[in-house]
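Participant: Protein sequences appear in the order of chains A and B.
Sequence positions in the first sequence follow the numbering used here and run 25 to 176.
Sequence positions in the second sequence follow the numbering used here and run -13 to 146.
Calculated directly from the structure, the hints in this document are not laboratory data.
Even glycine gets a Cβ: it sits at the ideal position worked out from N, Cα and C.
Don't take each hint at face value.
Derived, one-sided and incomplete: chain A residues facing chain B with beta-carbon distance under 10 angstroms [claimed, not checked]:
id, residue
1, 40
2, 44
3, 52
4, 62
5, 69
6, 100
Restraint ranges, calculated between C-beta atoms of paired labels, are given here [unchecked claim]:
id, chain 1, residue 1, chain 2, residue 2, range
7, B, 119, A, 78, 39 to 47 angstroms
8, B, 58, A, 157, 34 to 42 angstroms
9, A, 55, B, 27, 20 to 28 angstroms
10, B, 29, A, 76, 18 to 26 angstroms
11, A, 77, B, -1, 46 to 54 angstroms
12, B, 36, A, 128, 40 to 48 angstroms
13, A, 133, B, 44, 49 to 57 angstroms
14, A, 165, B, 33, 49 to 57 angstroms
15, A, 55, B, -1, 17 to 25 angstroms
On the chain A side, residues computed to face chain B include the following (Cβ under 10 angstroms) [as the list claims (entries may be wrong)]:
id, residue
16, 43
17, 47
18, 53
19, 93
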Amino acid sequence: MEEIGLARFINTPTGLKPGEAANLASLHLELLRGKGIAQIDDALDSLDGYLRLLGGRTPPPAVEQELQRLTYAIIEVAETFGYQSLGKSAYSLFELLDNIGVSGQWDRDAVIVHMESLRLLRHPEAVPPEMQTHLLDRLRLVVARHRTGSSK
Amino acid sequence: MAALQPNSKFNFANASVLVVDESQIGQEVSLTILSSYGFRAITRSTSLQNATEHLRFKPFDLVLIDPYAFGEASYKFIKWLREDTNNPNTCVPVIVTAAYTSMRTVAAARECGADYIIAKPFSCGGFLDRLLFVASKAGHRSELAVQQTVSQEGSGMEIW
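So that you can see chain A by itself, here it is in the shape it has in the complex (with noise of 0.2 angstroms):
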């Protein structure tokens, strides 16, 4: 039977065997680390910056929004530049935000936790493995207090 769509791309004679393909990826993505640490150091200067201007008050809509587009930005990228709890710690706080959406219930003390673990954790060689961990597990315990039935 013929093969169609990507299928014919599969099997070929000539071409590309699976490890030399990841392996040339992962090369290849090195020459981006540059621009994603930038963006994972942009993303929290920016968080900060949110954060303090908010002082106490609950966040708009908005803004609130951008807090959960600056944390999917660190996510996107941090696990791939070898900042595994730095990527799990920003997954925490946005599960946290995507919780606080869904509940309307803003915790401002939360949300500092997890900054602060994001700042430390942005340099995991200053951090301990197992105070990496232990930091990781608190911050799910702080998302376990807001997460809703509806929201996961």
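Position chain B relative to chain A; hints supplied.
Facilitator: Below, chain B alone, put in the same frame as chain A:
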């Protein structure tokens, strides 16, 4: 349908892919990985409107879309693609890429007719595995009637 045989090769040099992602770095990461896999014809879109135009006039072998920035509109976009039987891409494999995969995302992707969800960030080997899996299923969708391709198990959708 042909799964990739052990030790065999693939060649995406003549395959065309559309990457729909509002994030510039997201696009660059996808582009870098796809070109490392051998894709040469990569079209990028940062808006659904632009993606729609491309899909109307050019056949693709694969569509990747990150729905985050577009919200609900991205799922309507995939549904439109599936239901527009005059579109040359109505049966193209659509992979949703998402850095945050809530149950809502999975349910929405399933209902609109996407084939697969891949969590960002991609691991270079993991992304390729999923891509080859989707490739091995490609063509299956076109054997089905349109109403079967949306939100039905066994339609070629592999969403978990």
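Participant: All the hints need checking, so say for each whether the structure fits it.
Facilitator: Each hint, compared with the structure:
| no. | hint | verdict |
| --- | --- | --- |
| 1 | 40 | holds, 6 angstroms |
| 2 | 44 | holds, 9 angstroms |
| 3 | 52 | holds, 5 angstroms |
| 4 | 62 | holds, 9 angstroms |
| 5 | 69 | violated, 16 angstroms |
| 6 | 100 | holds, 5 angstroms |
| 7 | 119(B) x 78(A): 39 to 47 angstroms | holds, 44 angstroms |
| 8 | 58(B) x 157(A): 34 to 42 angstroms | holds, 37 angstroms |
| 9 | 55(A) x 27(B): 20 to 28 angstroms | holds, 21 angstroms |
| 10 | 29(B) x 76(A): 18 to 26 angstroms | violated, 41 angstroms |
| 11 | 77(A) x -1(B): 46 to 54 angstroms | holds, 50 angstroms |
| 12 | 36(B) x 128(A): 40 to 48 angstroms | violated, 35 angstroms |
| 13 | 133(A) x 44(B): 49 to 57 angstroms | holds, 51 angstroms |
| 14 | 165(A) x 33(B): 49 to 57 angstroms | violated, 39 angstroms |
| 15 | 55(A) x -1(B): 17 to 25 angstroms | holds, 21 angstroms |
| 16 | 43 | holds, 8 angstroms |
| 17 | 47 | holds, 8 angstroms |
| 18 | 53 | holds, 6 angstroms |
| 19 | 93 | holds, 8 angstroms |
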